[in-house]
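**Student:** Given chain A, work out where chain B should sit, using these hints.
Number of protein chains: 2
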Amino acid sequence: MFRLRATIISIGNELIQGRIVNTNASYLSRRLTLLGIDVVAHIVIGDNFDDVSKALDTALMIFGSNIIITTGGLGPTYDDITSEAIARYLGEEYVINEEALREIREKYESRNMPLTPERIKMAYMPKSAKSLRNPVGIAPGFMISKDNFIIIALPGVPAEMEGIWESSVEPYLKRFSDRRIAETYIRLVGAPESTLAAYINRFVRGKNNIYVKTHPKGHETRGPINDLYIMVSTSQEIDPSEECFKICNELIDILKKNVNGLLIEGECKCNRSL
Amino acid sequence: MFRLRATIISIGNELIQGRIVNTNASYLSRRLTLLGIDVVAHIVIGDNFDDVSKALDTALMIFGSNIIITTGGLGPTYDDITSEAIARYLGEEYVINEEALREIREKYESRNMPLTPERIKMAYMPKSAKSLRNPVGIAPGFMISKDNFIIIALPGVPAEMEGIWESSVEPYLKRFSDRRIAETYIRLVGAPESTLAAYINRFVRGKNNIYVKTHPKGHETRGPINDLYIMVSTSQEIDPSEECFKICNELIDILKKNVNGLLIEGECKCNRSL
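Just so you know, the protein sequences line up as chains A and B, in that order.
To convert, note that position 83 of the first sequence is 83 in my numbering; the numbers rise steadily by one, no gaps.
Every position in the second sequence, counted from 1, becomes a number in my numbering once 1000 is added.
For reference, chain A alone in the conformation it holds in the complex:
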């Protein structure tokens, strides 16, 4: 089965300097994962041409991605260089996209604001780009399809990024994925992660369609609490929730039987994605 591999490239000095947290990457990762698309890497870089080019090289050559989603750098300021950097990387002309310009002009004109060079700048895109309407703010996103990969460029402001994702990108990507996902969380109280590890390691061995992870929430030796996460992926024809429910109950039985004093909060409620 052909597997889609996505890399998210987040562009912005404010990220690389740690002034803000990269919630965009987790939003996009979560959405892609629930679509059945494997996210293989996030790469975060500052606002400069060289690093955009290095990040694209890394995503394509090193991580073998076929979907690349960038966030940030589409605005009107001097350091918003994503569109031009992608054009240069692809060896494409960096030109005004007529659809983007129309959208931008309408938005400013409706407020009686003139089209300055900084505003027109947001309509410049690589020549082969398809503009993606921004239902929240001004700067449009864009998408470029090549033979073996696509690049989707979204703004960095979270509400705008999510707006374009929901209205244009997710509906588009959905058709390419033939996997289904279901997942569940259960809280395990009273056993250290290192005790659970032995049983979980043995249980998951050789099962490629499931992913099990303990997330320590208390303290390993003083009052241990672990949130157990189970994710199951199946092909289209199989209901992933049923599969997840079966696997979850099997694992809980093994843990109950073997781990002294283990308390289980909640039950195997597997939610199917999208």
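In short, the hints are calculated from the structure, not lab data.
Take every hint as true, because none was put in to throw you off.
Simulated crosslink set (DSSO-like; lysine-lysine; CA at most 30 Å straight-line):
1. B:Lys1107 x A:Lys256
2. B:Lys1130 x A:Lys217
3. B:Lys1256 x A:Lys107
Only a predicted model underlies this, so the values are computations on that prediction, with no experimental measurement involved.
**Tutor:** What follows is chain B alone, placed relative to chain A:
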């Protein structure tokens, strides 16, 4: 001047699947930036050997980093593979670190808990690693110094990562940096980012020691608000706060003079870092 270039590699399927937000990378980026160390990239990958190796290659070969900080994958579970993956990448033996083992044994023995294989696993490190005591949880971090780079491996649990950072890593890295940083935020109300952009672009041109960025908080056309961030870096001998204060007031004067109806909230209060 020799510039330190840091890359942060965050390892964990929960990150790549978007189930949690990568606050570790922003914490570390912020601390490194305030130390005067340039953070050039964050790379986030899942828990697997190949991707750790790809991320290390990217950090060293593509981004030319001399400081690499990893978070995650040091715990007792089957998918905690960071230490072994780094050992493999460096071509080093993966062995019990006696200092790490002593620390782990003490912590479990003080709770009358035996040393199981899963617990001993946390003492395995690349042969040349120096163990870093974990003042919060169990799993120690470690540091490896090579001729032209260092790798520092920290746990993924934020409190533990921060505990080791503060007690061991920051005091160690501080001595290598000869730059000082000062910064300030000022709120600009009533002008769209695209209007401010023209004046800021001209102001920053050719000034390499300053970084200016507007962060839109309102809406570009309906009630625009922008937080203006200014960061100034200087060598040891110069007070960065004075320099920052001067630059901030210069820029504010230009904006006041040129942008109609601009309201400035706050003043140029430049804080010096560390």
